[in-house]
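Novice: Given the sequences, and given the hints that come with them, work out the whole structure.
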Amino acid sequence: AQTVTQSQPEMSVQEAETVTLSCTYDTSENNYYLFWYKQPPSRQMILVIRQEAYKQQNATENRFSVNFQKAAKSFSLKISDSQLGDTAMYFCAFMKTWDNYGQNFVFGPGTRLSVLP
Amino acid sequence: DVKVTQSSRYLVKRTGEKVFLECVQDMDHENMFWYRQDPGLGLRLIYFSYDVKMKEKGDIPEGYSVSREKKERFSLILESASTNQTSMYLCASSFPIAGGSADTQYFGPGTRLTVL
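Protein chains in written order, with the working numbering: chain L, 5 to 121; chain Y, 193 to 308.
Keep in mind that the hints were calculated from the coordinates and are not lab data.
Hints are supplied without guarantee of correctness; some may be wrong.
Straight-line Cα separation of at most 27 Å, DSSO-like style, residue types lysine-lysine; simulated pairs [claimed, not checked]: (1) K195(Y) x K100(L); (2) K249(Y) x K100(L); (3) K100(L) x K247(Y).
Specialist: Encoded structure:
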């Protein structure tokens, strides 16, 4: 079974600075997807970024980028130029490829990020 | 944009009541999911459905049932609510990529259920 670990329950960062959220996972699969989801306070959870394990290039989405280390089973999220709107709970998630219905989507426990003015 | 809506943002029920949580998606997604979110535990899958009238148990199905009579609607039912079912409930949907691999899940806003 796959597991996802986020070792930082809470983090804070000053506005405009850079912060990195950690995620490690355990799997015997070779092909899989990794995701970072963001859940702002009292708001809908949305996808931040997605990485396919067979791609060596790290995914980026504007100010969000990942550092994917397949051998180390590490998938950290870097937020550059942090904004107040980045304050949220961030979940790392894993899904193996050919998971027919997505029923084996595995989430980490989450990291609560606070961006301070 | 994908839109997933849930019938209530906040709900307060009493022990023993039957509770219905409804979820509707507007993107013609085959797959729909119900998760429970608790602090420090992340999201745990209760049930999922991959087609109308088709359902499968997730990791924590005990005390819950589901119904999917129409493709866009997926209901979670607590037959007899208990205090340990106080939690945030999230619905999600996804569209299976051709070839059988499901990808990104899209979430509703959540229902915070309190059972007294």
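Novice: Now look at each hint and say whether the structure bears it out.
Specialist: Outcome of the hint check:
{"no.": "1", "hint": "K195(Y) x K100(L)", "result": "25 Å, holds"}
{"no.": "2", "hint": "K249(Y) x K100(L)", "result": "18 Å, holds"}
{"no.": "3", "hint": "K100(L) x K247(Y)", "result": "20 Å, holds"}
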